[in-house]
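Visitor: Residue strings, one per chain:
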Amino acid sequence: MPLEKDLELVLRRERPPAGFAARVMQRVGEEERSRRRLPSTGHSSWWRAVAAMLLLTIAGGGWLAHYEIERRQGERARAQVLLALHITGAKIHAAREQIRDLGSR
Amino acid sequence: MRKWLVLTGLILFAAAPLHAQQRLNIDIPGLGDRAAETTDVTLDGSMLRLAAKFLNDSDDRQAREIIKGLQGIYVRSYEFDKEGEYDRGIVDHLRSQLGPSWKRIVQVKSRSRENTEIYLDMRGDTPNGLLVISAEPKELTIVNLVGYIDVDKLSSIEGNFGIPRITEKGRVKEKDKDKEKDKQKEKAKDKEKDKEKDHE
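Chains A and B, in that order, are what the protein sequence lines are.
With the first letter of the first sequence counted as 1, position 59 gets the number 74 in my numbering; the numbers rise by one all the way through.
With the first letter of the second sequence counted as 1, position 118 gets the number 120 in my numbering; the numbers rise by one all the way through.
Isolated chain B (complex conformation) (with noise of 0.2 Å):
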C-alpha cells in the first residue's frame, strides 16, 4: 500500500510542472515611479472569461478567438522622459526566469530602434506561452501571455486593434519566395560541390 502511494505521489510530482502554466514575473519593482506613462494590464484566467462575455461585437470577435485557449494576460509598459532611465539589465533578469522549454524564436536589436525578443514557451508542439520584450531608448514594454498561443490567429493581429499591415510593398509574394528558395538551395549544393573539391 506505502509503495502504490509514493509511486503515485512521485508520478503526480513529476506531471506536475508539465500541468503548470508559467506565468513570469514580470514586475520591476521601482520602475514605474521614474516612468513618465505606465501601463498595466493583469488579467488572470477569471477576468479573461469576464471579458469573453462582453466581446460581443463583431470586432471582438478575434480578440475572443485569441484570448479562448489563455489563462492569463500580463502586460506591463513603461515610458520615460529620457533615454537611459531604466537598467537594460532588466531584460537579463527577465531572460533568466525561462526555462528549458523557452525557445527564441525572434531576437531584433538595433541601436536606434527598438531590441526586440520573442519567446514562446513550447510543450511538444505546442505554444502554451508567449513572452514579448521590447527595449527602446525611452520605452520598456513586457508582454506576457499564459496558455495555449494560437501563433496563426496572433500572427493576424495585424489590421485589428489599430495594428497596420505589413505593406505589400514589404511583404515578399509567394512566387518570390519560392524563386529565393530555390536560390538558397542552389547556393547550399554550389557550396558542398567546392568542399568535396577541397577534399579532394
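Bound-form chain A, shown alone (with noise of 0.2 Å):
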C-alpha cells in the first residue's frame, strides 16, 4: 500500500550529520557559562532599594532647603510689611496731630 510506503519512508531512522552532538553539547556549555554571569534577581532588588533610598534623601533635602529658603523669605517680608506699615502710620498720625494742633490754636 503506498500510504505505508510513505510512512515508511519519513519515519526511517536518520543518521545526524557530523559533529552535531559536539555542536551541541558546546551550546549547552555556553548557555550554562551566560547564566552563571548574570547576577541574581536578589542582588539588583538591593541595588534598586539603595538608589531609591538615594533619590529620596536628595529629594527629601532639597524639599528642606526649600523650605528653610521659603521660611526666611517669609519673615524677612513679615518684617518689611510691619515696618512699612509702621512708617506709613506714623506719617499719617503725624499729620492728623499737625492737623489737630492748627485746629486747636
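Please note that a few of the clues may not be correct.
Okay, the calculated bits of chain B under chain A, using three or more residues with CB under 8 Å as the criterion [to be verified]:
id, stretch
1, 28 to 41
2, 45 to 57
3, 89 to 95
4, 148 to 155
Calculated lysine to aspartate or glutamate pairs in the EDC-like style (CA-CA distance at most 16 Å, straight line) [to be verified]:
id, chain 1, residue 1, chain 2, residue 2
5, B, K105, B, E119
6, B, K55, A, E83
7, B, K140, B, E67
8, B, K140, B, D89
9, B, K105, B, D127
10, B, K155, B, D89
11, B, K70, B, D154
12, B, K111, A, E112
13, B, K111, A, D116
14, B, K140, B, E85
15, B, K155, B, D61
16, B, K55, A, E85
17, B, K55, A, E90
18, B, K140, B, D61
19, B, K111, B, D83
Treat the hints as calculated values from the structure; they're not laboratory data.
We put the beta carbon where it would ideally sit given N, CA and C, even for glycine.
Taking the hints as your guide, dock the two standalone chains into a single complex.
Guide: Pasting the structure below:
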C-alpha cells in the first residue's frame, strides 16, 4: 500500500550530520556559562532599594532646603510689611497731629 | 473679521489703564549716598502674599487685613545729618507723576515741622493707591501703596505697630462735632442773608 511505504520513508531512522553532538554539547556549555555570569534577582533589588533611598534622601533634603529658604524669606517679608505699616501709620499720625494742633489754635 | 479684531484691540487698549495698578517711581538716584540712614522697603504682590502667610500672630491680624487687597508696598525713607541736604524739588518730581485720578486728601505745611502730603488714587469710589510724602528738614519719607486701600483699616492703624493714638485731649467728641457743624451752617446762612441784603 502506498501509504505504508510513505510512512516507512518518512519515519525511517536517519543518522545526524557529522559533529552534531559536539555542537549541541558546546551550546549547552555556553548557555550554562552565560547563566552563571548574570546577577541573581536578589542582588538587583538590593541596588534598586539603595538607589531609591538615595533619591528620596536627595529629594527630601532639597525640599527641606527650599522650605527653610521660603521660611526665611517669609519672615523677612513679614518684618518689612510691619516696618512699612509702622512708617505709613507714623506719617499719617503725624499729619493728623499737625491738623489737630492747627485746629486747636 | 478685521473690523472685529480692530474693535477688540481698541477696547482692550482703552481698558488697559483702568486695570493698571500704578506703581510710582519713588527711587531718587544719589539720595541714599548722601543720607545718614536709609530705609528701603520693596514688596510686590508675590512677596506680600508670602508675608501674609507669616502674619499669623493675633497682633499681625490687622496688618494681614490691610495688605489683603494690596499689590505692592514701596517705602523710601532717608535721614540726613544736617538740614538742607536734599532738594525739596524732589517732591515736585513725585507730584508730576500723579495722573488725574490721584486726589490730594491731606496737605500739611510747616516751617519747623514736616510737610506732609497724602494722595489717593481714586478709581470711581475705590481708592486704588496711596502716596504719602513727608518732607522734614532732615528726613524725607515716601510711601507708595499699590492696590485696594482700605481707608478705615488704615486709619485705625493708630494704637498698633508702635504708633500712638491721638489723645482724648486732642480728639473732638462726637457731640461737639455736631455742634460745630451746626455753628458752621448758621454762619453760612448768615452770610447768604448778608449777601442778599447787599444785593437789595
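Visitor: Now, for every hint given, state plainly whether the structure supports it.
Guide: Structure-based check of all given hints:
1. 28 to 41: Since 1 is below three, the answer is violated.
2. 45 to 57: Three-residue rule met by the stretch 45 to 57 of chain B, so holds; n is 8.
3. 89 to 95: violated (count 0)
4. 148 to 155: violated (count 0)
5. B:K105 - B:E119: 11 Å, holds
6. B:K55 - A:E83: 14 Å, holds
7. B:K140 - B:E67: Not satisfied, since the Cα-Cα distance of roughly 33 Å exceeds 16 Å.
8. B:K140 - B:D89: Holds: K140 (chain B) and D89 (chain B) sit about 11 Å apart, inside 16 Å.
9. B:K105 - B:D127: The given pair, whose Cα atoms are some 12 Å apart, holds under the 16 Å limit.
10. B:K155 - B:D89: 33 Å, violated
11. B:K70 - B:D154: This hinted pair holds, its Cα atoms lying about 14 Å apart.
12. B:K111 - A:E112: Within the cut-off at roughly 12 Å; holds.
13. B:K111 - A:D116: Given pair K111 (chain B), D116 (chain A) holds - Cα atoms ~12 Å apart, limit 16 Å.
14. B:K140 - B:E85: 5 Å, holds
15. B:K155 - B:D61: Given that 16 Å is the threshold and the Cα spacing comes to 14 Å, the pair holds.
16. B:K55 - A:E85: 11 Å, holds
17. B:K55 - A:E90: 9 Å, holds
18. B:K140 - B:D61: With Cα atoms ~32 Å apart, K140 (chain B) and D61 (chain B) exceed 16 Å; violated.
19. B:K111 - B:D83: Between K111 (chain B) and D83 (chain B) the Cα gap is close to 22 Å, so the pair fails against 16 Å, i.e. violated.
Checked against the numbered hints above, the structure violates hints 1, 3, 4, 7, 10, 18 and 19; every other hint is satisfied.
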